[in-house]
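> Here's the letter readout for the chains.
2 protein chains.
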Amino acid sequence: MQRIDAYWRAANYLSVGQIYLLDNPLLTEPLRPEHIKPRLLGHWGTTPGLNFCFAHLNRIIAERDQDMIYIAGPGHGGPAAVAHAWLEGSYSERYPEVSQDAEGMRRLFRQFSFPGGVPSHVAPETPGSVHEGGELGYSLAHAYGAAFDNPDLVVACVVGDGEAETGPLAASWHSNKFLDPRRDGVVLPILHLNGYKIANPTVLARIPEEELVKLMEGYGYRPHLVGPAHQEMARVLDEVFDQIAAYKDGRERRLPMIVLRTPKGWTGPHTVDGVQIEGTWRAHQVPLAQVRENPAHLAMLEEWMRSYRPEELFDAEGRPVPDVLRSLPDRSLRMSASPHANGGEILRPLVLSDFRDHAVEVKAPATQSSEPTRVLGGFLRDVIAANPQSFRLMGPDETASNRLSAVFEATDRAWNAALEPTDEHLAPGGRVMEVLSEHLCQGWLEGYLLTGRHGLFNCYEAFIHIIDAMFNQHAKWLESSKKIPWRRPVASLNYLLSSHVWRQDHNGFSHQDPGFLDVVVNKKADVVRVYLPPDANTLLSVTDHCLRSRDYVNVIVAGKQPVLDLFTLDEAIAHCTRGLGILPWASTDEGREPDVVMACSGDVPTLETLAATAILRERLPELKVRVVNVVDLMRLQQPSEHPHGMSDAEFDALFTTDKPVIFNYHGYPWLIHRLTYRRHGHHHLHVRGYKEEGTTTTPFDMAMLNDIDRYHLVMDVIDRVEGLGAAQAHLRQEMADTRLKARAHTREYGEDLPEIRDWTWA
Amino acid sequence: MQRIDAYWRAANYLSVGQIYLLDNPLLTEPLRPEHIKPRLLGHWGTTPGLNFCFAHLNRIIAERDQDMIYIAGPGHGGPAAVAHAWLEGSYSERYPEVSQDAEGMRRLFRQFSFPGGVPSHVAPETPGSVHEGGELGYSLAHAYGAAFDNPDLVVACVVGDGEAETGPLAASWHSNKFLDPRRDGVVLPILHLNGYKIANPTVLARIPEEELVKLMEGYGYRPHLVGPAHQEMARVLDEVFDQIAAYKDGRERRLPMIVLRTPKGWTGPHTVDGVQIEGTWRAHQVPLAQVRENPAHLAMLEEWMRSYRPEELFDAEGRPVPDVLRSLPDRSLRMSASPHANGGEILRPLVLSDFRDHAVEVKAPATQSSEPTRVLGGFLRDVIAANPQSFRLMGPDETASNRLSAVFEATDRAWNAALEPTDEHLAPGGRVMEVLSEHLCQGWLEGYLLTGRHGLFNCYEAFIHIIDAMFNQHAKWLESSKKIPWRRPVASLNYLLSSHVWRQDHNGFSHQDPGFLDVVVNKKADVVRVYLPPDANTLLSVTDHCLRSRDYVNVIVAGKQPVLDLFTLDEAIAHCTRGLGILPWASTDEGREPDVVMACSGDVPTLETLAATAILRERLPELKVRVVNVVDLMRLQQPSEHPHGMSDAEFDALFTTDKPVIFNYHGYPWLIHRLTYRRHGHHHLHVRGYKEEGTTTTPFDMAMLNDIDRYHLVMDVIDRVEGLGAAQAHLRQEMADTRLKARAHTREYGEDLPEIRDWTWA
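In the order they appear, the protein sequences are chains A and B.
Position one of the first sequence corresponds to residue 1 (our numbering), numbered consecutively onward.
Position one of the second sequence corresponds to residue 1 (our numbering), numbered consecutively onward.
Rather than coming from a laboratory, the hints here were simulated on the basis of the structure.
Careful, some of the hints might be misleading.
Treat identical chains as interchangeable: a pair holds within one or across any two.
As the list claims (entries may be wrong) - Here are the simulated BS3-like cross-link-like pairs (lysine-lysine), alpha carbons at most 30 Å apart as the crow flies:
(1) K482 / K691
(2) K624 / K659
(3) K691 / K524
(4) K483 / K524
(5) K741 / K524
(6) K624 / K691
(7) K248 / K177
(8) K691 / K741
(9) K483 / K741
(10) K363 / K624
(11) K482 / K524
(12) K741 / K482
(13) K691 / K483
(14) K483 / K363
(15) K691 / K659
(16) K248 / K363
(17) K248 / K524
Starting from the given sequences, assemble the full structure and let the hints guide the process.
If you want it as structure tokens, here you go:
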């Protein structure tokens, strides 16, 4: 117990040092103002509690040879994780200049929250972490994601009582219903009640203890209450790990969890300038704010740091003394060096069967239909079968709705709650994770990927916005990780967005929103990729590519409803490899300069463009039309903006520099302008897309509401191609009349005209 | 009880009719295929349960003269809400063509989920609703928002067991800690366990009942379990409303809640084609899918509909018989006609004191500093004091951090949990709502606004992305509402985004994200407004304007750190009224055509632009520089795209058509291109902004990382203004060197150079 306390004091000392000191790390001389950082940036409040948990968990790891990682929900207590890694030696292994001695300690202190140094929060730079401590709410979902398919792992997850108020965290407690004791590891939640967030008490610290216990029992856990005392924590941890063993071998249904109640800012200054700090929200950031200017504060800081008795903890060279190090686990089990927390180190490539086996046979383009996601389902089934411990398919109860049901030929939905006779495909260990929470799907998958596994998240397009913020944070994690040499590449985060804006006609306006792509392209070009395959074979090719990639966020938008098959498999592969290209069979320019370019991206816009082209071919046979389909949206950007960006020469060759381009796009039209505004021909670009018109109506009526329909496209061509306006006024009027007729039919009969619905190129 | 059952059968009959029938509403003849809709779009599964609750709550309303509204979490059970409104007569009042007779019933059936008709979900079109049934998770937060400051109201909120798995809903249960029994109304949650979502069982239906009860007790409620039986529901409701009375007068601390367990698709076909439907996930949408094609299904539908004995429920003219209507409450208490659910009807303008009283005195522009949000805090304090029952300030524990603390001179934070002696400004009935959940802040505020009150949501800029999806849904609600004549305008949803990207230098990369604006501008121009006031007085003026507006979403981005005061109050009002304008004192073009336009939007970019202009003035005195500041971002768009958009003539006069424009923007630079790509001078526009570079560093280093700093702007001017490149190569080099020096200083000393940090125009 003394060793644990020594370790804890050492970690606390190092934490305070990081927040305050530029120099004099061992307090070998009295503190002077110039030893103090000019900007005091850090969060002390949560830190001693995090250190307390580290110290005690280390004993368990050492005594039980337990494989464990640590997720710090209150990750703004970054100093704790850094201190821990330094004490374990792994910090110096990753960053040799921050050695485990006085000079290294000086650098450790100086770099923290300092320009050119390390972030104030737990971040990719922090060894042993898979969880950024910025946006709160995801620690427990990340922890479960890390535990899935790691049967010997315990993921200790400290949940702050502030974070516990967030929605995603509140939902995450129920993740235990998706855990398989045999095939998965275990999550040990430690709810840390220090009572306060930034400027307020926390809800869970202020409800009756009886209610808190019931809440945790209601979530399906066995709660253990612990106060701020070593003996108590040690005793409870022994009990808890015995219960975990019982859970693992089926003697116990419920997982244990710990409620740890400590003062906020524990062991820090109790009162400053007559105001209580320790045990209040005032301890959240720096308890002493005027250290450089106020000699009394400087003295308090020195007294505070000396209260940890550094002379007992570090030798004259600044190295931790044996008593501090003795409670550490074996090198191979150090949490700060766990390969699970640098997942790329243990990542194995997916075993991918040949997606060509699932190809749709296409005899002639655009003459037959397939449901792209249904075709993809067969491929995903094989991926699941071939990777029974390293691939998961996430979805908020939409996997069947998105027509990926073939996966259930190879697996089940993960489910560890009660079963009924009418249930289908529910079992512990199922590879499909379905819960009606996009937050959980995303959080689980992030945790799974960052610990070295693979996955895909299928979701209704509109509702993926629910995890915009989580996507942002994951993209930022990847952006940062790429700059850190020891962070090895992890599998990409793959989204399949189906049930998209153009075919949510039955669910209506609330389900119609293609704006996630606009959020995605704000992130750095070297981590984001967007694909809009227009048919089944291109979807197969794109998905295979995404599943092989590393360190990206790939977004695939593909419909579940029947769409025309446009490409044979070989053509699809070639088309997707180029990312965009001319559809020669639909074009009438025959290699010459066209009069108009009909560009399209997305399955429904492509269909309407083709149908418009067919009308033009029949009615304006002299008009030279070029049809260009875009699968890889990032190809449109400048090569200086995105690695997939094509040169101006390529762009000009495809789109011309002076001919009208009628671009029919899946999402909000402005995105195409944003991607192409520097192109020579941009002034001639006219983009159609979703302009926020929608309701419960038929598919073609949805297209008409937003002017992406075939008839309107023909009108656009007449309006834009020089000389056609006057000459083809009658055709333009005919198109306008045809639209009115189509709408009238829809309103009368409740369905689209058969000749529109069943249109093919033939 | 028989009357309740009759009402319930009538509602169920009307619900089935909406899903299936085009004609023959009263089944006066045998059903034929042509009576059936060609596309069967609707959700039966949840509907009978919703109808059951309506029927029973009506008895309570009638017996107790209880003011009540109804929120249907499973809003895809839209037929229930519509049936209810039709039976209460309010549907026909809102839509006279859908009369309360056979012809009206025919129209009611036909229009549902039909082109040109009404959405399949509960939506703005549905009388009595303040909650769209599309994206799940927000019903309970909306319910609490509606209950705040409505002391006599009970908000009955049916929570689906699917929705209950979402994060926002899981967090919402704790809203009871923010309710004041004296000043607020009451929420009655009815957790409807029908056991299934789209294709899966639900978690809460499959955990042991003991755990479910503990969970609800842990959330602080008194749960009442009810099965599918009238007597039981009636008995429990009597008990529950007695307990609500006890809660209201302080005899009881906890609110009651109901767990209602029924089969999914209750009273629908039990088995179809040998497969069980009722009581399984297969009842989610339409239990009989082949009614037009399959005579057996057609017969089952008729049998199903006749099982409700319509001949007992409706007279020969299709009017509900007295026995059905007798359980209805008094006209003035009908839930489907509640003015609370059409908040604009009861909205009163805010009492706004003169924001001029809070103005900062500005003797000379850019020579002194204020903290804009701190100044705003004084104005908000007065707003709160003057509107003690109709204005709330929401924030995820960031109100003090965002420096709005002056509000605590007039009010407290709402808090109805335990208190400690060290607490400050916590009390039931406080006007400031702080919980660490952006979802709750947003959901409460939406419910509060839609029931006719006012508010403002202050949030860290980066984390407002957490509610992207909720913003989308609220904007869609407003977009739809504006087309519905009987929906009266409600107060705008106002965001104040502070602690923004440029001054999260201490929290680092995870806290740096200005992309919410990109999400916002995707919504329809007639509901979104974006303001970037550059100083304290413009922030006051903009906020006053937003608080007076209706039916918009207003986004204000403003810093909390000291920024230079640029405008006197009168100038600020004039500048904000125009939305953008030249800063003559900073410009050197003196009314002539400038050589370069330095445009800026946002406080930090404006500061850097001014500092760059000062360098240019000194070093290139001959150069004619025009400084344009943009407050109202939507002014940049074409008038055809946004009502605030300015004409090309205005734009050209400000920005020229051929001179370089160096636009220093707060957010991702592409947005400015997107807003201006059609302008004549667009090819000469060079936008600087946040390009996803960030970490924990100093403010000026953040600016340099993203090239928005003064020195880089000078370099941009040299690069873009014809003739300067060669002539001023030395100045360009000097600027580049100065940047390196600034960075080196920062890395050495941990703070910015004083001449940069303390720069003013003087």
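> Would you pick out the hints that fail for this structure and give their numbers low to high?
Per hint list: 14, 16 and 17 violated.
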